[in-house]
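Engineer: Residues per chain are reported as follows:
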Amino acid sequence: MDSLPPHMRPERSFQGFILALQRFWAEQGCVILQPYDMEMGAGTFHPATTLRALGPKPWKAAYVQPSRRPKDGRYGENPNRLQHYYQFQVIMKPSPANLQDLYLQSLKAIGIDTALHDVRFVEDDWESPTLGAWGLGWECWCDGMEVSQFTYFQQVAGVECAPVAGELTYGLERLAMYVQGVDRVYDLNFNGRDGADKVTYGDVFLQAEQEYSRHNFEHADTAMLFEQFKMAEAACKKYLDAGWKGGKREEHLMALPAYDQCIKASHVFNLLDARGVISVTERQSYIMRVRELAKACGEAWVHTEAGSAA
Amino acid sequence: MPDLLLELFSEEIPARMQAKAAEDLRRMVTDRLVAEGLVYEGAKAFATPRRLTLTVHGIPARQSDLKQERKGPRVGGAEAAIQGFLKATGLNSLDEAKIQRDPKGDFYIALTEKPGKPTVDVLAEILPIIIRTFPWPKQMRWGAASAKSSALTWVRPLHSIVATFGIETEEPEVVQFDLSGVSVGQTTYGHRFLAPDAIQVRRFDDYVAKLQSAKVVLDPERRKEIILADARQLTFAQGYELVEDPALLDEVAGLVEWPVVLMGSFDKDFLSIPDEVIRATIRANQKCFVVRDPKTQKLTNKFVITANIEASDGGTAIIAGNERVIRARLSDAKFFYETDLKTKLESRLPKFEQIVFHEKLGTQAARIARIEKLAAEIAPLVGADATKTKRAAQLAKTDLLTEVVGEFPELQGLMGKYYALAQGEDAAVAAASEDHYKPQGPTDRVPSDLVSVAVALADKLDTLVGFWAIDEKPTGSKDPFALRRAALGVIRLIIENNLRLKLKSVALSHASTMTGYDESKPADLLAFFADRLKGQLRDQGARHDLVDAVFALGGQDDLLMVVRRVEALGKFLDSDDGKNLLAGTKRANNILAIEEKKEKRKFDGAPDAALFKLDEEKALARAIAEVGLEASAAVAKEDFAGAMTAMAKLRPAVDAFFDRVKVNDDDAAVRENRLKLLNEIRAATRAVADFSKIQD
Chain A
1 MDSLPPHMRP ERSFQGFILA LQRFWAEQGC VILQPYDMEM GAGTFHPATT LRALGPKPWK
61 AAYVQPSRRP KDGRYGENPN RLQHYYQFQV IMKPSPANLQ DLYLQSLKAI GIDTALHDVR
121 FVEDDWESPT LGAWGLGWEC WCDGMEVSQF TYFQQVAGVE CAPVAGELTY GLERLAMYVQ
181 GVDRVYDLNF NGRDGADKVT YGDVFLQAEQ EYSRHNFEHA DTAMLFEQFK MAEAACKKYL
241 DAGWKGGKRE EHLMALPAYD QCIKASHVFN LLDARGVISV TERQSYIMRV RELAKACGEA
301 WVHTEAGSAA
Chain B
1 MPDLLLELFS EEIPARMQAK AAEDLRRMVT DRLVAEGLVY EGAKAFATPR RLTLTVHGIP
61 ARQSDLKQER KGPRVGGAEA AIQGFLKATG LNSLDEAKIQ RDPKGDFYIA LTEKPGKPTV
121 DVLAEILPII IRTFPWPKQM RWGAASAKSS ALTWVRPLHS IVATFGIETE EPEVVQFDLS
181 GVSVGQTTYG HRFLAPDAIQ VRRFDDYVAK LQSAKVVLDP ERRKEIILAD ARQLTFAQGY
241 ELVEDPALLD EVAGLVEWPV VLMGSFDKDF LSIPDEVIRA TIRANQKCFV VRDPKTQKLT
301 NKFVITANIE ASDGGTAIIA GNERVIRARL SDAKFFYETD LKTKLESRLP KFEQIVFHEK
361 LGTQAARIAR IEKLAAEIAP LVGADATKTK RAAQLAKTDL LTEVVGEFPE LQGLMGKYYA
421 LAQGEDAAVA AASEDHYKPQ GPTDRVPSDL VSVAVALADK LDTLVGFWAI DEKPTGSKDP
481 FALRRAALGV IRLIIENNLR LKLKSVALSH ASTMTGYDES KPADLLAFFA DRLKGQLRDQ
541 GARHDLVDAV FALGGQDDLL MVVRRVEALG KFLDSDDGKN LLAGTKRANN ILAIEEKKEK
601 RKFDGAPDAA LFKLDEEKAL ARAIAEVGLE ASAAVAKEDF AGAMTAMAKL RPAVDAFFDR
661 VKVNDDDAAV RENRLKLLNE IRAATRAVAD FSKIQD
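Here the protein sequences line up with chains A and B, keeping their order. For the record, in the first sequence the residue sitting at position 171 is 171 according to full-length UniProt numbering, with numbers rising by one throughout. For the record, in the second sequence the residue sitting at position 603 is 603 according to full-length UniProt numbering, with numbers rising by one throughout.
To be clear, the hints were calculated from the coordinates, so they are not data collected in a lab. Keep in mind that the hints are not guaranteed to be accurate.
As the list claims (entries may be wrong) - Some chain A residues close to chain B (C-beta under 8 Å, calculated; not the full set): (1) P56; (2) H117; (3) L136; (4) P163.
Yeah, the Cβ is synthetic: ideal placement off N, Cα and C, and Gly gets one too.
Isolated chain B (complex conformation) (with noise of 0.2 Å):
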């Protein structure tokens, strides 16, 4: 079966955006083939810097016919009935039609049949809209026909484009469209510099050979083997160990045709900037990797550079002019880093009270000074030495204002370290200035020395009720000031580091010290702690519905009692007695929630012992009291597996009172007597959890 070749040939594409691109011009052309009943083989795309290729192979050369049968009017029926479905169907007269008898009459049936068009003709078609509504993430028009709001949009100017059809042994058909006359046929261009001229292809196979020999790989994954393989080689043979970077490795890969590794180097001398700033100044600005030492696993004064062309002179006019703008780099980065550590960080302080953090939120140093009294508080509740934390927190931002970090923005928290240890603070205050702002998402490390840890809760708490204070939540998919990211940062730093923090009674004081805040905000801030616990459990696989049945208890705001009662909780519904409690309570509650609907009462209040009637009543009320007190006794130690031990005895008691009494006794008192026993079933077990809550 024919197979088409399709080559989107364009200025150069940025390299963070040609996977995706690729990706979605294999699902666009696939996606519309398939609805046009095309069903094919296989499908490959691939992007360069200058180039998106698509191959799709086995695919039919002709759509299948489409026999179509319509049902038409009654015989007999309106004259214009009749013209309309003759119009509709193509038919010339009615002796075209059948007739065809049902239980309501005899009806004029057209039997049609579309014929399947050449898969040519649908390419044809289809190719040019979805080049036109390609979802390139910013597009734009250009040249003389851009004068027209109707202009082709693209990425990049689009130049020219390959499209061929056909079977291996046979010439392949262009498939023809007009695109705003960007030419559509056989010829591609080879590399830029070293191989720019026309090329004539026919098939994929004979592409991808084609510019091979004219220095393009098309294949993005053949390029980042050829830069990794060749720069491991290159730093390998000189003792040295390249330090490999992904994501550096897919920018540079969409950044050359013709990847050449070749290797650089600098000033020894630049070895005293530490080694992120060496790494973050050469990747960030010249898109080289940097390289260590393996014994030592310091960076060594080498880089690797991959350049796109295969130079006259071997590379070493490309190496000169990359080392010298690493120079002039990184003598700025010395710079920049010397100038800091003549300034101590504290005497940075006071510049923070020209910068505003949020107009409704105050100056930064408005918010250092929050920072700093909230972590003093904290400290004692998590155990952390309280001088330390009140030092940490207040140099923790000031790098902020260093001249590194201005440079490069990623460097914040680290540069902070090397300054704090540089002016002889303890390393745990140095550690705080890089580890308060940990963990940044699910999978970053949380910082385990107390220090650290309690200026990371300050840190993330004002935020959370700073924003919460101004009414600055997320809503939907827009959190701005990552308020999710925080409240998780701050069940993460509790629960790993079994942290016994009551979060309502700290925001409410750490409220107080703000404008806008009122009581009703903290029980809005738990409620959102209570939905990110909920994802953090999913996402480990954890039971969430049992997070709200620990909240629903309300006054919880310890999380790590929460979590701790949650797994238990957790642990006693996967057992039988657990189950069937479950279920007997939930029993309870409906029977409860029909009664006291349809009285419009509650039946709370304890019930009248001298009413029992029934042996399974009494041994119920007896097991309600004594697991009552000895859950909540188990409660107050924070045993909550002994609460369940406990919960486990009422489970009999109470498939014993379903079996054998019928609640709705004829007797009213008797019933009511009842209900109330129902509904200390229901207070029982609140003890440990809102079972109304759980689902089955």
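The shape of chain A in the complex, shown without the other chains (with noise of 0.2 Å):
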């Protein structure tokens, strides 16, 4: 990290920031992604997590995820609050014995130094009900602020996980707040550059919060989104029938492709929630068509060849 300029060092640059995690989650063997190229309201959503920790195949992978969340609109106003943030996340299966280790190590990296924070694994059972999924872990809290997420899936879309992977999820916008010691989201230095050179979240972002604000309370256009949940949920499952070999439920041959679909009904559902044209029991019924397609995903992939053990 010495031998880093000053303007890429993590407590400087946001980007300096995304990539001392990115290098430190390489060396302990991560394959590092790039964010998925779809709209998804947490970065558990990524086929990356949501597939691949199914099955008794290893894997090891970190990405950044952007993370849309259209009812958390502020239109830029909330020094805090964004319907589009990122999300670094890391996973492991199965999960390591020094899991605990590694997050503080990679703390260290990106300059929270333990000797003098407060950091501490505080209750915090997670659980998707759009996913079908759930595990037991932590809260990762750095002086009373919560940083991360910290899980071990047990069960996701509906299956088991055997083995159980450890699933780490940053929040980089408010780790970097904390590390750069600004408090408010849009100045946040994202470059590391200083006077005219200096590239700031704002920037970068305002103007986006401003107009997907609009766009998510007052102007996406819900009949449009209702129709797009019906055809995405009836091409998820055409997808999925189509997909197993020969008919026969013994492989299957496009789980992928039809998690797609899974992705975009969910991403689609919560536009029409931020719209507030889905009554609270109307809303149930949603999740539960969602978690239906996310489990009938995860059993076609553990018939696929990287969620099998053939």
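Bring the two chains, given one by one in their own frames, into a single complex with the hints.
Structural biologist: Pasting the structure below:
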């Protein structure tokens, strides 16, 4: 880290911060993936986590994933809340015995010294109703601030994890704000430069937050979205049906494209929810419908090459 | 005698589970030891975020030998039986058996001696079983081993175990067992950050001392003492006072192995937010204590952090970090609070039309309208101001849609009160926002302001009548809508405020506004109230069977009168007159029951005075007539003590009757007449209660 130029140091720039995490996890043998090219509510939805968590084959990956939470938009006016933010996601299957230590070392790599800061593992049982997934773990606190989620997956997409994968999710903006010592996310130094060369998080994203807040809360075309939900749901089922090789439920050849449609349905649902056009009772039923898709995808995945023992 | 030291070292155990886990560990190990014939002198268990520890001292070094005598087949019995006997007892031949004579003949007897096992071997058998069957509320698999379904489960990954057994003066033995590859031995680890190295331990004494020097305070009670003492000291030194919070203290003590108490502060501007909101924010999100000024009893802009490390900078960075988070949280809270204040409570009402209260009971808006109507009906019955009650009922739930309550549901009602006051509502109307939820349980405060009382009754009765209408009654231990609590709330509101309310007619009239309701349901609901009332009286040490005796009269839906009657009845039954009258009435009942069954008819109708042969009959008939009138008159005046006094006059006549009169006279007409007279006793006592329901 000492060899890094100042503008790339994790406490100086948002991008340097991300690179430091990537470098650390690459050292641990993870494949460093790029963000998945679809809109999703959390890094967990990336097939590199949801699907790869299933089946017996070992898997280690780390990546940044933009997370879209349409309801969390605040028109750029809230210093902490965003409808689009970044998560850094690590998955290791099987979970290594020293995963907690690795996590703490990763904090050191981004400039958090545990001799100075009070890092705590506070109970947080993770559950995703839409993914049919649950696990046990903690929210990780640094001086009273939640900075990461740490989960041992027990079940994903309705399938028992065997072996169990360990998942880490870092809230990048929040951690970077802490390390850079700024109180407003838009004040984050993005590129680590000073003066005229400095680019802030606000320079990059403030306009987007304003525009998407308008879109998410006021203008997103709900008639189209309702249609899209139905279409994604139907397509997911169609691809799942078509994917069983020879029509027998032994080998599946199209789990990934089917799962894309599940991701799509989930995001469309989030948009509809933000528009306030889904009632409380309907809400539950939409969540159930996405979960059914996720479970069927999980079932298909464990019959593919990467998802099975074969 | 030797001691056992057991430590289960794992990743962070949820704070809320630690105390019970320690207790479970102690109970399970000591129960198994006793079951194995190993009686111990004492045991104590401890928990920190990363370890469960048990010390059991004074365990015998080995089990006693067990002598067994086993009876076998008859001498000269079938060969198969003899072979079976030898096999079962482990004897080599019949030469090793004894022969015993009893009245049925000569039998082989095997005397075997099962040698006791060394305790360390017993422990090696029982400890893995206990660990594998440990009752965590939730447990998990982890690591490579989790590929198999037989994988060990624990609350979080279990890393290592210390299990030693031995006497003070010698090197202890390690209890050797295999547990899915988790290491078992004498090694533990110190504080995660301050002293992470491995530590070798022998027994409980050096274990505790070594942990202490490795920055781990094993005993949660000790950690709590440290936190509390330091927090008091720190706040006192600055002229403040810690707002103590035992539940938070428990939790915080379960989050640290080495408590270090620090104080931070926030901007004084935030003190414009209500204290409860500040406290909820700092408590729920940061697990920090708040601090008040002892003179004003208001919060100050300080808070107390319990860190888990002695930081190299003395805690400056930790305080700064916590202050940043609390500033952000309080900014949110302030923003929420100020946003809420901009909207009048009543203008939130239309939004409730989009919120479903219950699928079958309609929207929250419908519920609020029902509560408003019912509260308006109840108001004159309890003497509450009708206009204020209606207004209070209309506003009572509106804070559910405020930002602050969305963030901190536990502040519902209280925020409504603040917002109502802020928009200039009457104090009684504002108070009802908070108080209409009360009482929430048997120890919660019961409101006494009649506006609050009327809305509280309407809220709870609407819930009860509604869920009764859709047949969602509590069953067994399941009561998802907290209907028992609601019914108990109604009872306490009525009794503790001395209210007169005909519950059945109130419920019936309210039920008419709901679909799915029929006439049978109020009676059933009333029986539910009777059960709750019994429970309530039982908890107060009163006689709950008397509740049955009063409710059995029928038509009893004025709970205050039921309770008054039960009280008077209880006092009466404590007197000699009461006891004897009860005995006499029961005797009359028993005789009647037998004869009614035998002849399949009732003996009702007035007895014929002309058929009385004995003075005691005539006297009893006279007494019944008099007492009946007097008691009924007293009951009509709600003078239950007076009714009981009247009842007491019946006793000598009943006693004399049973002393002198034979009911089953040879003359059928006389017999029937006497049975009718007995029936009259029963009828007369029913002026106060159904004596047949009273237990002796």
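Engineer: Look at each hint and say if it fits the structure.
Structural biologist: Status of each hint after checking the structure:
no.	hint	verdict
1	P56	holds, 6 Å
2	H117	holds, 6 Å
3	L136	holds, 4 Å
4	P163	holds, 4 Å
Going down the numbered hints, you'll see the structure goes against none, and every one checks out.
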